[in-house]
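S.K.: If you read the sequences in order, they're chains A and B. Counting in this note's numbering, the first sequence runs from 1 upward without gaps. Counting in this note's numbering, the second sequence runs from 1 upward without gaps.
None of these hints come from the bench; they were simulated from the model. Glycine is no exception: its CB is placed at the ideal position from the N, C-alpha and C atoms. A hint or two may mislead.
To be verified - Label pairs and their computed distance ranges (CB to CB):
1. B/ALA108 <-> A/ALA133: 30 to 36 Å
2. B/LEU147 <-> A/MET56: 55 to 61 Å
3. B/ASN129 <-> A/LYS29: 52 to 58 Å
4. B/ALA150 <-> A/ALA102: 18 to 24 Å
5. A/GLN115 <-> B/GLU153: 19 to 25 Å
6. B/GLU153 <-> A/ALA102: 16 to 22 Å
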Amino acid sequence: MKTNKKEILKIAKKLFSSSFTNQEIDIRKVRKSIQIIKRANKRDVVTILKIYLNLMRTFLAKKTLSIESVDKLHPRYIKSLTNYFERSYKTGLTVQTQLNKALLGGLRISLGDTQWDLSISEKINQIKETVNARHN
Amino acid sequence: MEILKDFGVQPILLAAQIINFIILLLVLKRFLYKPIIKVLEERKRRIETSINQSEEIQKRFDESAKKQEEILDKAREEAKNIIENAKEESNILSEQIKTENKQSIENAMKRTQDSLELEKQKMVADAHNQIVTMVASLTEKVVPKTLKEADKEKLIQEAIKEIENEN
Chain A
1 MKTNKKEILK IAKKLFSSSF TNQEIDIRKV RKSIQIIKRA NKRDVVTILK IYLNLMRTFL
61 AKKTLSIESV DKLHPRYIKS LTNYFERSYK TGLTVQTQLN KALLGGLRIS LGDTQWDLSI
121 SEKINQIKET VNARHN
Chain B
1 MEILKDFGVQ PILLAAQIIN FIILLLVLKR FLYKPIIKVL EERKRRIETS INQSEEIQKR
61 FDESAKKQEE ILDKAREEAK NIIENAKEES NILSEQIKTE NKQSIENAMK RTQDSLELEK
121 QKMVADAHNQ IVTMVASLTE KVVPKTLKEA DKEKLIQEAI KEIENEN
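The following block holds chain B by itself, in its conformation from the complex:
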C-alpha cells in the first residue's frame, strides 16, 4: 500500500477509473463498435460482391471475345473457301468457253466448207446442163440441114412401124 502511495496511485480512484473504463467500453461496444463493425462488414460484403461481379463480367467478356474470335476465324475460313471455289469455277468456265469457241469455230468452218462444196456441185451441174442444152440446140439446128429425103422417108416409115408394134 505504501508503494501505491509512493507512486501516487489512489486505489479508490483507480477502481473508479477501471469501472468507468469498463462502463465506457461496454457503452462504446454497444453503441459504437457494433454499428461500425456492422458498417465495415457491410462494406466488406459489398466490396466482395462488387469484386465478384466484376470478375464475372470480366469472365463473360473474355468468353464473348473468345466467341467473337471464333466467329471471325470461321468467317475468314468460309471467305477463303468461297474465294477458292470461285477461282476454281472461273477456271472451269474459262476452259468451257475456250472449248465451246473452238467447237463453234470448227462447226462454222465445216458449214462453210459444206456450203462451198454444194455450191461447187451446183455450178458443175449447171454447167453440165448448159452444155447439154447447147448441144441439143446445135443438133436441132444442124439436123434439118443434114437430113436427106431418103432419111426423112426412113424416119416416117420407122415411126409408123413403131406405132403399129406398140399397139
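Here chain A stands alone, though its shape is the one from the complex:
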C-alpha cells in the first residue's frame, strides 16, 4: 500500500534528525539512515531519499559560509569573517571562497538562506533602481 505524503515526510524528518551526534552530522548514522530508507516500500524510497537529501543540503548550507570576491581574499579577512559568523551563530562553519569578476569590487557573503551583497555591482544596481524609481 502506498504511504501517504505526510507519513513519508515524517519518516524522512525522523531519519534526518537521527543522523546527528552533538549537533554534527555523524557519517555512520547517515549510512544507517540510508540502509533504513533502502528497506522501505519500493514506491516510497525515491521520495524519502529526496526529502532526506534536501534536509541535509539545507543543513549543510546553513553551516557553509560562502565568500565571493573579485580577487583572492587575504586569509586574515577570511578568518575575521569566519570568527564573526561563528560567534554570531554559535556554531562551527565551513568556509568556501569563490572568485567572481562580476562583483567588480567588494564582497558577497552567503550563509544558508541569507546573503550579504556588498559588491560594487550591487551598489550600481541600487543606484540604477533608485534613479529609475524617482523618475517613474
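Go by the hints and put chain B onto chain A.
M.R.: For chain B alone, coordinates are given in the frame of chain A:
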C-alpha cells in the same frame, strides 16, 4: 205662364229635367264624386307624404354633409398639427445629433491627446531608463580598469565593517 210659353219652356218638362238633374247629381255625388275626391285626397296625401319624406331626406343629407365637412376640417387640423409636431421634433433631433457629434468629436480628440501624452511620457521614461542602463553598463566597464589595489582593499575592509555593524 204666357211668357214661359213664348219662350217654349214647358213647366212639367222643366220640373222633370230639374228632378233628373237632381237625381243625376245625387247619383254622381254618390258614385263618382266621392270616390274621385277620395282618390284625389289620397293622392294629395301621398304627395304630401312624399314631399315631407324628401324634405326629411334632404335635411338628413344636409346634416350628414355638414358632419362630413366637420370631420374633414378636424382631420385637416389634426394633420396640420401632426406635420407641425413632426417638423419640430425633427428640428430638435437634428440639433441633438449636431450636439452629440460635436461632443463625440471633442471626446475623440481628448482621447487622442491623452493617448499621445501617455505615449510621450512612456517614450521619455524609456529613454531615461535606457540612458541609466547605458551609464550603469559603462560604469561597470570602467570601474575594473580604474580601481587600484588600495581601493579594492579599502572596499573589502568597508564591507566587513558593514556586516559587523549590521548585526
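S.K.: Give me the numbers of the hints this structure contradicts, sorted from smallest to largest.
M.R.: 2
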